[in-house]
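Chemist: Sequence:
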Amino acid sequence: MTSKLKEARQHAGYTIQDISKKLKIRKQYIIDLEEENYDAIPGKVYIEGYKKMYYEFLGIRSEKIQEKKVEMVRMLNKNNHHSKKYKDYITYFSIIMLILVILAYNFLLR
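Those letters in the sequence shown? Residues 56 to 165, per the numbering used here, in order.
Treat each hint with caution, since some may be false.
[Unchecked claim] With a straight-line cut-off of 25 angstroms between C-alpha atoms, the simulated DSS-like cross-links for lysine-lysine are:
1. Lys59 <-> Lys142
2. Lys124 <-> Lys79
3. Lys82 <-> Lys124
4. Lys133 <-> Lys79
5. Lys59 <-> Lys106
6. Lys82 <-> Lys142
7. Lys123 <-> Lys106
8. Lys142 <-> Lys79
9. Lys107 <-> Lys61
10. Lys61 <-> Lys77
11. Lys79 <-> Lys123
12. Lys82 <-> Lys61
13. Lys107 <-> Lys142
14. Lys59 <-> Lys76
15. Lys82 <-> Lys107
16. Lys133 <-> Lys77
17. Lys133 <-> Lys99
18. Lys106 <-> Lys77
19. Lys76 <-> Lys133
20. Lys106 <-> Lys76
21. Lys61 <-> Lys106
22. Lys76 <-> Lys61
23. Lys77 <-> Lys59
24. Lys79 <-> Lys61
25. Lys61 <-> Lys123
26. Lys107 <-> Lys124
27. Lys61 <-> Lys124
28. Lys107 <-> Lys123
29. Lys76 <-> Lys99
30. Lys142 <-> Lys123
31. Lys106 <-> Lys142
32. Lys99 <-> Lys79
33. Lys82 <-> Lys99
34. Lys59 <-> Lys123
35. Lys133 <-> Lys107
36. Lys59 <-> Lys82
37. Lys61 <-> Lys99
38. Lys59 <-> Lys79
Derived by calculation from the structure, the hints in this document are not laboratory data.
Kindly generate the complete structure, drawing on both the sequences and the hints.
Modeler: What follows is the structure, given as C-alpha cells:
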C-alpha cells in the first residue's frame, strides 16, 4: 500500500532526495513519514512538524493533515500507555526496595 504522501510526491515529480534537500529533513525520516513508521522518528513534536512541512510542501489539504494527526496521536498514546505502565512498575519497585532497606537497617540495629 502506497501512502498518500508518497503518491503525492511521485505525482509532483519529486524524489526523496529532492524533498530532503528542500525541507532539510533527513532522507530516512522522509521514508519513515511516507511509510507511517513514526516510531523511527524521535519525538512527537518532530513528527508533527515534519509531517506539516511535508504536507504543506506537497499542497495537501489541511483536512487530510488533521485526519492523519488524529491517527498519529492515537498511535502515540497507545505507545505512551505502555511507557506509563513501565514507569509505574519502577515506582512500585523503588518504594518496595526502600521499605526493605529501612526494615533491614532496623533489624541490624537491634
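Chemist: Each hint: holds or not?
Modeler: Now the hints, each set against the structure:
1. Lys59 <-> Lys142: violated (36 angstroms)
2. Lys124 <-> Lys79: holds (21 angstroms)
3. Lys82 <-> Lys124: The given pair, whose Cα atoms are some 21 angstroms apart, holds under the 25 angstroms limit.
4. Lys133 <-> Lys79: violated (29 angstroms)
5. Lys59 <-> Lys106: Holds: lysine 59 and lysine 106 sit about 12 angstroms apart, inside 25 angstroms.
6. Lys82 <-> Lys142: Between lysine 82 and lysine 142 the Cα gap is close to 33 angstroms, so the pair fails against 25 angstroms, i.e. violated.
7. Lys123 <-> Lys106: Between lysine 123 and lysine 106 the Cα gap is close to 9 angstroms, so the pair holds against 25 angstroms.
8. Lys142 <-> Lys79: Distance ~35 angstroms between lysine 142 and lysine 79 Cα, so the pair is violated.
9. Lys107 <-> Lys61: Holds, at about 14 angstroms.
10. Lys61 <-> Lys77: holds (16 angstroms)
11. Lys79 <-> Lys123: Judged against 25 angstroms, a Cα distance of about 22 angstroms means the pair holds.
12. Lys82 <-> Lys61: holds (13 angstroms)
13. Lys107 <-> Lys142: violated (31 angstroms)
14. Lys59 <-> Lys76: Holds, at about 20 angstroms.
15. Lys82 <-> Lys107: holds (16 angstroms)
16. Lys133 <-> Lys77: Violated, because 32 angstroms separates the two Cα atoms, which is more than 25 angstroms.
17. Lys133 <-> Lys99: holds (13 angstroms)
18. Lys106 <-> Lys77: holds (14 angstroms)
19. Lys76 <-> Lys133: Not OK: lysine 76 and lysine 133 at ~33 angstroms, beyond 25 angstroms, violated.
20. Lys106 <-> Lys76: holds (15 angstroms)
21. Lys61 <-> Lys106: Measuring from Cα to Cα gives roughly 12 angstroms; hence the hint holds.
22. Lys76 <-> Lys61: Within the cut-off at roughly 16 angstroms; holds.
23. Lys77 <-> Lys59: holds (19 angstroms)
24. Lys79 <-> Lys61: Measuring from Cα to Cα gives roughly 17 angstroms; hence the hint holds.
25. Lys61 <-> Lys123: holds (14 angstroms)
26. Lys107 <-> Lys124: holds (9 angstroms)
27. Lys61 <-> Lys124: holds (17 angstroms)
28. Lys107 <-> Lys123: Holds - the C-alpha atoms of lysine 123 and lysine 107 are around 10 angstroms apart, at most 25 angstroms.
29. Lys76 <-> Lys99: holds (22 angstroms)
30. Lys142 <-> Lys123: violated (28 angstroms)
31. Lys106 <-> Lys142: violated (29 angstroms)
32. Lys99 <-> Lys79: holds (18 angstroms)
33. Lys82 <-> Lys99: Satisfied, since the Cα-Cα distance of roughly 18 angstroms is no more than 25 angstroms.
34. Lys59 <-> Lys123: holds (10 angstroms)
35. Lys133 <-> Lys107: holds (22 angstroms)
36. Lys59 <-> Lys82: holds (17 angstroms)
37. Lys61 <-> Lys99: With Cα atoms ~21 angstroms apart, lysine 61 and lysine 99 stay inside 25 angstroms; holds.
38. Lys59 <-> Lys79: holds (20 angstroms)
The earlier numbered hints that this structure contradicts are 1, 4, 6, 8, 13, 16, 19, 30, 31.
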